[in-house]
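Colleague: Spelled out, the chains give:
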Amino acid sequence: MKILVGVKRVVDYNVRVRVKPDGSGVALDGVKMSINPFDEIALEEALRIREHGQATEVVAVAIGPDEVQTQLRSALAMGADRAILVKCEAAVEPRDVARALLAVIKQEGIGLAILGKQAIDDDAGQTGQMLAALWQRPQVSFASKVELKDSVATVTREVDSGLETLEVDLPAVITSDLRLNEPRYIKLPDIMKAKKKPLAVTDMAALGVSLAPQFKVLKTEAPPQRARGIMVKDVAELIAELKKRGVLS
Amino acid sequence: MSRVLIIADHDGAHLGGGATRCVTAAGKFGAAEIHIAVLASPAAAIAAEAAALAGVAKVLVVERAENAHPLAAVLAPQVAKLAAGYEYLIGPSNTFGKDLLPRVAALLGVGQVSDLMSVEGPHTFKRPIYAGNAIITVESPADTILVATIRTASFPAAANGGSALIEAVSTDAALPTHTRFVSLSAAKNDRPDLQSAARVVSGGRALGSADNFKLIYTLAARIGAAVGASRAAVDAGYVPSDMQVGQTGKIIAPALYMAIGISGAIQHLTGIKDARTIVAINKDAEAPIFEVADVGLIGDLFKIVPELTAALGG
Ligand SMILES: Cc1cc2nc3c(=O)[nH]c(=O)nc-3n(C[C@@H](O)[C@H](O)[C@H](O)COP(=O)(O)OP(=O)(O)OC[C@H]3O[C@@H](n4cnc5c(N)ncnc54)[C@H](O)[C@@H]3O)c2cc1C
Ligand SMILES: Cc1cc2nc3c(=O)[nH]c(=O)nc-3n(C[C@H](O)[C@H](O)[C@H](O)COP(=O)(O)OP(=O)(O)OC[C@H]3O[C@@H](n4cnc5c(N)ncnc54)[C@H](O)[C@@H]3O)c2cc1C
Chain A
1 MKILVGVKRV
11 VDYNVRVRVK
21 PDGSGVALDG
31 VKMSINPFDE
41 IALEEALRIR
51 EHGQATEVVA
61 VAIGPDEVQT
71 QLRSALAMGA
81 DRAILVKCEA
91 AVEPRDVARA
101 LLAVIKQEGI
111 GLAILGKQAI
121 DDDAGQTGQM
131 LAALWQRPQV
141 SFASKVELKD
151 SVATVTREVD
161 SGLETLEVDL
171 PAVITSDLRL
181 NEPRYIKLPD
191 IMKAKKKPLA
201 VTDMAALGVS
211 LAPQFKVLKT
221 EAPPQRARGI
231 MVKDVAELIA
241 ELKKRGVLS
Chain B
250 MSRVLIIADH
260 DGAHLGGGAT
270 RCVTAAGKFG
280 AAEIHIAVLA
290 SPAAAIAAEA
300 AALAGVAKVL
310 VVERAENAHP
320 LAAVLAPQVA
330 KLAAGYEYLI
340 GPSNTFGKDL
350 LPRVAALLGV
360 GQVSDLMSVE
370 GPHTFKRPIY
380 AGNAIITVES
390 PADTILVATI
400 RTASFPAAAN
410 GGSALIEAVS
420 TDAALPTHTR
430 FVSLSAAKND
440 RPDLQSAARV
450 VSGGRALGSA
460 DNFKLIYTLA
470 ARIGAAVGAS
480 RAAVDAGYVP
490 SDMQVGQTGK
500 IIAPALYMAI
510 GISGAIQHLT
520 GIKDARTIVA
530 INKDAEAPIF
540 EVADVGLIGD
550 LFKIVPELTA
560 ALGG
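Chains as they are written, first to last, in this note's numbering: chain A, 1 to 249; chain B, 250 to 563.
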């Protein structure tokens, strides 16, 4: 079985992004970019499944401009066998990302797709579910535990009320939550090895996908800032202050 | 005449808190009618609660055995059929809605606006990106059904007092058998629900153990608060994952939020931006949490929390 992992290039989670003064977007020049943390978790899970002998190949796929090759090389260094870049300069909405991933899945004969539950830039949280719908296959979002046996996946997911376990027939789409695993660190020799691993470049047209964006971003603005509050010196003052504000009686 | 269809969240017995907030959001679209769909088994009690919400004109009930558990793959084809003729299809941005609505959108051949936080016009909306560090205004074409998840912390719950028509409907959607419910392990406790509580007390990594977290539970019980946690506290196993507050956990808007031994990472702050009063207790005067706290107290939580609990006790 081949596993596809989605790799999105995003602003590193440690960076505090700033909105451009003209409201045209966020300032991305010179900002550190990384693999979406949820995609690292997705990749780690795929690698573990392969290491358990339950998959033959892990293919990392990214949709984006040429620079995304940096993140695909990191994915190869982590242990992916191959990478595919679907070149696309335009911003892609999740539905088009899903359509492109589906085209790759069909081409490659993928048995399991693992994506992040959300990308930490746009926070849309849609791609995996949309992919599963278009593929007409099961989805398990927000996964915190995955077990495979005879083309059935038993997956535990983090839901608002606790932990839910589902059983799905493969092929399927799984989206990773934070506690699915802890991704491994990349070692220097792995970076060297990754340079020799195959990284294929294709584009939307070659996959037969024409972009169909639906939404227009009219404006980007900074969120309203909370004013800095006051400091109290002890518990008695704290209680008095909270009573004054009417949040404690 | 435009109409809104809300897909109700529920726990099998009662209507969820998300649906009631969706009703308030739906009221902002300027639509002629608001309908709620309840897909459940059994559904009567949930439908009755939905019908009692002020502003709702009709409740559509799809009661079938397959709807006993909220499986997106099973619900989505039914919802896609129900959506015919509606201009807006919305659901709460909690794990139920986040799982289901993108699947429905894809079946309908449209995109989705996630975490809709305000309605600027019939087809323009605001939503947060970058963990809430930026807010975008997006425009959706007027001739396309809008599918959106609603950021529940941005809208108050709708009041009761309505008496909507309840209509049993069936769809001819073919349902897949490739996805099967196995189990749900929900932590049983009698604390208020984190997502709707007026007061929340949260603990962070500083608590150091599951046992020490009792300090937080005791304080919370004293003031009738729900209990939350930072990701670090969840990862360390002090508390279950459903207590995580933040970008990738729950987004909440209580009147009072107390962050105890939590540093205030941006991912955590995303979850509490809309709290009315934020209190921070931290021994590090430089902790970023103090930049957003309305009231800050510097000191050792192991000393302050028992003192606070005692001072608030009868
Ligand atoms: C300059 C700029 C302008 C934009 N303008 C718009 C706009 O007008 N309208 C709009 O809707 N969006 C816009 N976007 C955002 C859009 O391009 C998002 O990347 C897209 O909506 C995907 O959302 P997401 O990444 O939050 O998806 P999610 O659904 O949160 O992603 C979940 C998972 O899907 C996979 N995935 C997602 N994207 C990729 C990818 N590219 N390659 C590989 N795997 C992927 C990953 O596994 C990821 O973890 C803009 C972005 C930029 C940078
Ligand atoms: C993709 C991604 C998503 C994330 N999502 C979330 C999320 O949804 N929610 C979330 O919370 N985090 C999230 N995080 C993690 C976040 O970045 C922080 O690591 C986390 O919030 C830190 O938790 P903490 O404040 O409990 O721990 P720490 O940052 O370690 O802070 C502990 C604090 O306790 C104080 N302290 C220590 N001892 C005492 C004492 N005795 N008395 C008083 N104060 C004391 C310290 O001064 C410190 O400020 C995410 C991270 C990533 C990368």
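Please note that a few of the clues may not be correct.
BS3-like cross-link-like pairs, simulated, lysine-lysine; straight-line CA separation at most 30 Å [stated by the list, open to error]:
1) B:K463 x A:K106
2) B:K522 x A:K216
3) B:K330 x B:K307
4) B:K330 x A:K244
5) B:K463 x A:K233
6) B:K552 x A:K145
7) A:K87 x A:K244
8) B:K307 x A:K233
9) A:K216 x B:K532
10) B:K307 x A:K219
11) B:K307 x A:K244
12) A:K2 x A:K219
13) B:K277 x A:K244
14) B:K330 x B:K463
15) B:K522 x A:K32
16) B:K532 x A:K243
17) A:K244 x A:K106
18) A:K193 x A:K87
19) B:K552 x B:K532
20) A:K20 x B:K330
21) B:K437 x A:K244
22) B:K522 x A:K243
23) A:K216 x A:K2
24) B:K330 x A:K233
25) A:K32 x A:K197
26) A:K243 x B:K330
27) A:K216 x B:K277
28) B:K437 x A:K219
29) B:K552 x A:K243
30) A:K145 x B:K437
31) A:K233 x B:K532
32) A:K32 x A:K195
I should point out that these hints are in silico values taken from the structure, not numbers from a laboratory.
Colleague: Now tell me if each hint is right for this structure.
Modeller: Hints, verified against the model:
1. B:K463 x A:K106: violated (52 Å)
2. B:K522 x A:K216: The hint holds at about 26 Å.
3. B:K330 x B:K307: holds (17 Å)
4. B:K330 x A:K244: violated (52 Å)
5. B:K463 x A:K233: holds (24 Å)
6. B:K552 x A:K145: violated (38 Å)
7. A:K87 x A:K244: Answer violated: A:K87 to A:K244 is near 58 Å, above 30 Å.
8. B:K307 x A:K233: Violated, at about 54 Å.
9. A:K216 x B:K532: Violated. A:K216 to B:K532 sits at ~45 Å, over the 30 Å cutoff.
10. B:K307 x A:K219: violated (35 Å)
11. B:K307 x A:K244: Violated, at roughly 43 Å.
12. A:K2 x A:K219: Not satisfied, since the Cα-Cα distance of roughly 41 Å exceeds 30 Å.
13. B:K277 x A:K244: At roughly 33 Å apart (the allowed maximum being 30 Å), A:K244 and B:K277 break the hint.
14. B:K330 x B:K463: violated (48 Å)
15. B:K522 x A:K32: holds (25 Å)
16. B:K532 x A:K243: Holds: B:K532 and A:K243 sit about 23 Å apart, inside 30 Å.
17. A:K244 x A:K106: violated (63 Å)
18. A:K193 x A:K87: holds (24 Å)
19. B:K552 x B:K532: holds (11 Å)
20. A:K20 x B:K330: violated (42 Å)
21. B:K437 x A:K244: violated (34 Å)
22. B:K522 x A:K243: OK: B:K522 and A:K243 at ~21 Å, within 30 Å.
23. A:K216 x A:K2: Violated: A:K216 and A:K2 sit about 36 Å apart, past 30 Å.
24. B:K330 x A:K233: violated (60 Å)
25. A:K32 x A:K197: At roughly 24 Å apart (the allowed maximum being 30 Å), A:K197 and A:K32 satisfy the hint.
26. A:K243 x B:K330: With Cα atoms ~52 Å apart, A:K243 and B:K330 exceed 30 Å; violated.
27. A:K216 x B:K277: holds (20 Å)
28. B:K437 x A:K219: Measuring from Cα to Cα gives roughly 44 Å; hence the hint is violated.
29. B:K552 x A:K243: holds (21 Å)
30. A:K145 x B:K437: Roughly 21 Å separates the two Cα atoms, so the pair holds.
31. A:K233 x B:K532: Measuring from Cα to Cα gives roughly 12 Å; hence the hint holds.
32. A:K32 x A:K195: holds (21 Å)
Of the numbered hints listed earlier, those contradicted by the structure are 1, 4, 6, 7, 8, 9, 10, 11, 12, 13, 14, 17, 20, 21, 23, 24, 26, 28.
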